[in-house]
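Enquirer: Sequence order for the protein chains is A and B.
Oh and the first sequence: position 16 is 16 in the working numbering, straight run, nothing missing.
Oh and the second sequence: position 570 is 570 in the working numbering, straight run, nothing missing.
Read the hints as simulated data drawn from the structure, not as lab findings.
Cβ atoms here follow ideal geometry from the backbone N, Cα and C, with glycine treated the same way.
The reader is advised that the hints may include incorrect statements.
[Claimed, not checked] Covered stretches of chain A, as calculated for chain B (at least 3 residues, CB under 8 Å):
hint : segment
1    : 20-31
2    : 34-41
3    : 52-66
[Unchecked claim] Taking lysine-lysine pairs in the DSS-like style, the calculated list, with each CA pair at most 25 Å apart, reads:
hint : chain 1 : residue 1 : chain 2 : residue 2
4    : B       : Lys-386   : A       : Lys-57
5    : B       : Lys-389   : A       : Lys-31
6    : A       : Lys-46    : B       : Lys-157
7    : B       : Lys-389   : A       : Lys-53
8    : B       : Lys-266   : A       : Lys-53
9    : B       : Lys-226   : A       : Lys-57
10   : A       : Lys-69    : B       : Lys-386
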Amino acid sequence: MFSVLFLLENERFGSDSMSLQDDIFNEFIEKLKAAQLPTKLIESLKKLWISGKLIYKDEIFTILKEACKNDPDKGN
Amino acid sequence: MTRIKAISIHAFRGTPDLELTFDGKNLILRGENGTGKSSIVEAFEFFFTGKLLMFEGEGTQSLSLNRHAPHKNFSQDDVSIKVSFDPGNITLERTFKSEPKPPAPLRRYFKAAQRGTFILRRSQILKFIVSIPAERFRAIGSIIGIEQLDNVELAMKRAYEELEQNVINDQKRISDIFSKISEHLGKNITDIEQALAAVNEKIREVNFAPLKSFDEVNKLNEQFLKSFKESTNIEQIMKLNEAIEQLEQFSVDEEIMKLLIDLNMKLKPFMEESIRRELFLGDFLTKGQQIVERDERSICPLCGQEIDRQALLEQIKSRLQTLSELSTEATEVRQLVSEIESKLSSLEESMEEIYKRLEPFEQLTRIRVKFEKTLKVLDKFKEKLKLAKELRIEKELPIDEIKQNIMTVDKLVKSSSVKCKRMFKEIGVPSDWKRKMDAINVATTVGTLVTELSDIEKSLVINEKQRDIAKKIYETFSETKKAKVAEIYESIKGDVNTFYSTLHPSDPHKNIEVNVMPTRRASTKLTIESFGSVEDPRAYTSEGHLDSLGLCIFLAFVKTFNKECNFIILDDVVTTIDSQHRDLICKVLFEHFKDYQLFITTHDAIWYEQLCRAQQAYGISGNCKNLEIVRWTLETGPIIEPYKTRWQRIESKINSGDKLAAVEGRRYLEWLLKNICEAMQARTVFKTTGYTVADLFTPAKQRLMELIKDPVFKQQITERFQELESTTLMGNLLSHDNLEAENVSINEVRRFCVAIHELHKALTCNCCGTLLRYYKDIKRIRCPNGRCAQPTEISC
Chain A
1 MFSVLFLLEN ERFGSDSMSL QDDIFNEFIE KLKAAQLPTK LIESLKKLWI
51 SGKLIYKDEI FTILKEACKN DPDKGN
Chain B
1 MTRIKAISIH AFRGTPDLEL TFDGKNLILR GENGTGKSSI VEAFEFFFTG
51 KLLMFEGEGT QSLSLNRHAP HKNFSQDDVS IKVSFDPGNI TLERTFKSEP
101 KPPAPLRRYF KAAQRGTFIL RRSQILKFIV SIPAERFRAI GSIIGIEQLD
151 NVELAMKRAY EELEQNVIND QKRISDIFSK ISEHLGKNIT DIEQALAAVN
201 EKIREVNFAP LKSFDEVNKL NEQFLKSFKE STNIEQIMKL NEAIEQLEQF
251 SVDEEIMKLL IDLNMKLKPF MEESIRRELF LGDFLTKGQQ IVERDERSIC
301 PLCGQEIDRQ ALLEQIKSRL QTLSELSTEA TEVRQLVSEI ESKLSSLEES
351 MEEIYKRLEP FEQLTRIRVK FEKTLKVLDK FKEKLKLAKE LRIEKELPID
401 EIKQNIMTVD KLVKSSSVKC KRMFKEIGVP SDWKRKMDAI NVATTVGTLV
451 TELSDIEKSL VINEKQRDIA KKIYETFSET KKAKVAEIYE SIKGDVNTFY
501 STLHPSDPHK NIEVNVMPTR RASTKLTIES FGSVEDPRAY TSEGHLDSLG
551 LCIFLAFVKT FNKECNFIIL DDVVTTIDSQ HRDLICKVLF EHFKDYQLFI
601 TTHDAIWYEQ LCRAQQAYGI SGNCKNLEIV RWTLETGPII EPYKTRWQRI
651 ESKINSGDKL AAVEGRRYLE WLLKNICEAM QARTVFKTTG YTVADLFTPA
701 KQRLMELIKD PVFKQQITER FQELESTTLM GNLLSHDNLE AENVSINEVR
751 RFCVAIHELH KALTCNCCGT LLRYYKDIKR IRCPNGRCAQ PTEISC
C-alpha cells in the first residue's frame, strides 16, 4: 500500500482497474448535470476522462472555450 | 476463491532456481537476513506488477530493473517467474519480454494484484506514519485507486486559477483605461456614457455639434480638416499635436518595480539546488519527450530496448505534469509574472504608439532610436519572465537594468514633449485651431480607448464565464472526491480501531482517525486519542505502537479495497513489536483474515515460532505451511526446508555430534528466561542493551519460587533449575557469559540443552503447549491461550 511513497507517480493502474475512480467521476458528472452546466461541456469532460486526457490543463481550456462559444447563454 | 499454488523462480535476484509450493495455503517463511526471503517477495512483486519498488523513487538513479533484477550469473533473457493458481491449475509466466495474460476467471484477482499494494514492508509502515499529509494521501490514494483523480483535480485547479488570473488582468486593464480616460477628460469617469458626455462638453466649447456615439469621432475629424483645408501644413500640425497628446499621456506605472522586487523575493526558493534538480528532471523529460516524438522507431534512446512509444510518451507527459505540480508559492509566482507581463505589455504599447507618432519628425529620430533599443531590452526581459513563470530560473531577474531603462524612457518622453511643444509654437498655429485640435484629439483618444475598452469588456465576459464554469467544475470535483474519500476513511475506521484495540487491548491510545484535511486539496490527517487528547500518533506512542498502527491501517485498507485479490505479503514487519503484541497480531491475522492467503516472512525465530504455535491455537495448522531457509549461496539460492521447532533443530545438531548445538541452546535459554520474566512479572534490572542469561536467570528463578505454592510443581521447577545450574555450560554462562562449547563434550552439550528443554516443558500448557503466564488479579499461573480446550492452571 505505502509503496507509492517511493514512486514519483504510480503508473500501475490501467483504465479498467479504476472502478472507484469511475464511481467518483460519475458522481461528479451527475452533480454537474444537476447544476445545469452545458451538456456539450459535460460530454467533453466525459470524453477527456475516458481518454485519460483530463489530467491536462490545456485540454480543459479547449473544452471550456468550446462550451462558452457554443452555449453562450448557459454556464453562469 | 483463487489461491496461489506455487511459484517458480528462475534467474531472478538472489535466486537462480526455486520451486516454492504453497498448495493454496498460508506460507510462513523464516530465514536469516541475506538468505533470499525478500527475493521471493520481489519475485511476486515483479510477477504481478512488472516492477520492483526498490528500484524506483528518490536515490535509486544507479539502480535499474533491467540490470539488477536478473541473478548475477544470468542475463535478463533468462529471467522467468511462473505462478500457478487454483482452482483450474492455471500457470502464468512473466519474463522481461512477456507479461502474464490471465484468463477470465483470474482477471479481477490479477488487476487488483497489479497495483502491488498487497505487499507490506516494514520500512513502508514507518514512512507512512511519519510522512506529510499530502504524501499520506497519495499512499492511501494508491491503494484505493484514486491517484489518477488527484492529477485530474490538479489540472482543474490550475485551469481555474489561470482563468481567474485572466479575469483579474482584464479587470485591471479596464480600470487602467478608465483612469486614462479620466485623465484626458480631467474628471472621474466610470462608464462609457459619462465619457461621451464629458467629450461632448469639450467639443461643444469649440462650437462642434455633440457626438451621438464615439463612432462619429472620425466624421468630426473630417469636418475639422475641411474647415482648415486652406492651410497647407494642417496635416503636420495635426500629427504634431497628436504626438504631444500621446507624450503627455505617457506615464510609467510605478507598481512595476515593486512587483519586480516582490517577484525576485518569491523566486528565491525556486533557485535552490533541490528545486533545480527537480527542474533538471523536467528538462530531461522534455528533451526525452522531443527525442521520442521525433524518432518514430519504438526504441528507447537511452538503453536501446524496445518500448511502447505511445505509452512512454503518455507517461512522460503525465510525469511532466506531476513535476509541474507546484505549491501555492509557485502559483503566486506565476500570477505575479502574469501581472508584470501585462503591465510591461501596456508600457510597450504606449512606447510603440509614441514611436509611431514621432516618425514624421526627423528632428526626433535620436529619441526614436533610443525607444527602439529600450523596446528590445524589454523584449529580452520578457523572455526571462517567461522562464521565471516556468520556474526555470537560476539567478535573480536583472531588475536594476529594467529600472534604468524605464527611467530613461520616462526622461526621453518628457524631453520629447518639450521639444514637440516648441516645434508647435514655431509653426505659429492660431489659438482657436489649437483649441479645436485639442478637443478633437481628446475625442479621438478617448474614442480609441473606448474601443479598446469594449474589446476588453467582451474578453472579460468570456473569461468570467469560463472562470465560473472552471470554478464550478473544480469545486464540484474536489468536493465529490473529498466526500468519497472521507466516506472511505469512515468505512475503514471501524476495522483500524478493531485491529488496533485487538493488538493493544489495555492501551491509553485509542480512537484512531484517518481524515481528509478539509482546507487542503489532497491531504490526509492521522490522529489518535492519547491520554485524553487527540494527537498525531507520533506524539506519545512508541515505535512499536507506530509499527502496529501502520500494520492495522494497511490491513484495514487491504480488507476493504483489495477484496478481489486475497493474497497478502507481510515482509518482515514486526521487528519493533514485543512478544505479547506479536501474539495479538497472530490473533488479528488468523481471526480477521481467514479467507486470505498470507505469505509472512521473518528473520525473527521467536515471531516465527509464535506464528507456528498460533496456527495450532487458532485451529488452522492444516491451512499453513511453515518453511525455513536454512542456507543461501549465490550458486544455490535459498535452500528451504520444512519447519523444525527450536528443540528439533537442537536435537538434530546434537545427534549429528555438532557441538554448536550449545550456541543454539544458549539462545533458547535466553529466549526462555526473557519470556519467563515477562510472563511471570519478574523484577529484572533495567538495561538499555540486550539482556543476557546472567541478567535473567536469578530473577526468573526467584519469581517462580515466590509464586508457586503447589509443592509438587515447586519441586519439579526447583529440580529443573538445579539440573540446569549443574551443567558446565551453564556455569560458564553465569560466571563470565562465555560459552566455551569447544572445551566440553557433546554429552555435556546434550545435558545442558535437555535441561533447558525440560524447564521449558514444565512451564508450558499441557494441552496446547503455550508458555504459562501469571495473572495477578486471579492469583493464578495459567495458559494464556483463550482458545485452549484444557488450559493448565496452577494456584499461587
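Enquirer: Run every hint past the structure and note whether it holds.
Expert: Hint check results:
{"no.": "1", "hint": "20-31", "in the structure": "holds (count 8)"}
{"no.": "2", "hint": "34-41", "in the structure": "holds (count 4)"}
{"no.": "3", "hint": "52-66", "in the structure": "holds (count 10)"}
{"no.": "4", "hint": "Lys-386/B with Lys-57/A", "in the structure": "holds, 18 Å"}
{"no.": "5", "hint": "Lys-389/B with Lys-31/A", "in the structure": "violated, 34 Å"}
{"no.": "6", "hint": "Lys-46/A with Lys-157/B", "in the structure": "holds, 17 Å"}
{"no.": "7", "hint": "Lys-389/B with Lys-53/A", "in the structure": "holds, 24 Å"}
{"no.": "8", "hint": "Lys-266/B with Lys-53/A", "in the structure": "violated, 32 Å"}
{"no.": "9", "hint": "Lys-226/B with Lys-57/A", "in the structure": "violated, 56 Å"}
{"no.": "10", "hint": "Lys-69/A with Lys-386/B", "in the structure": "violated, 29 Å"}
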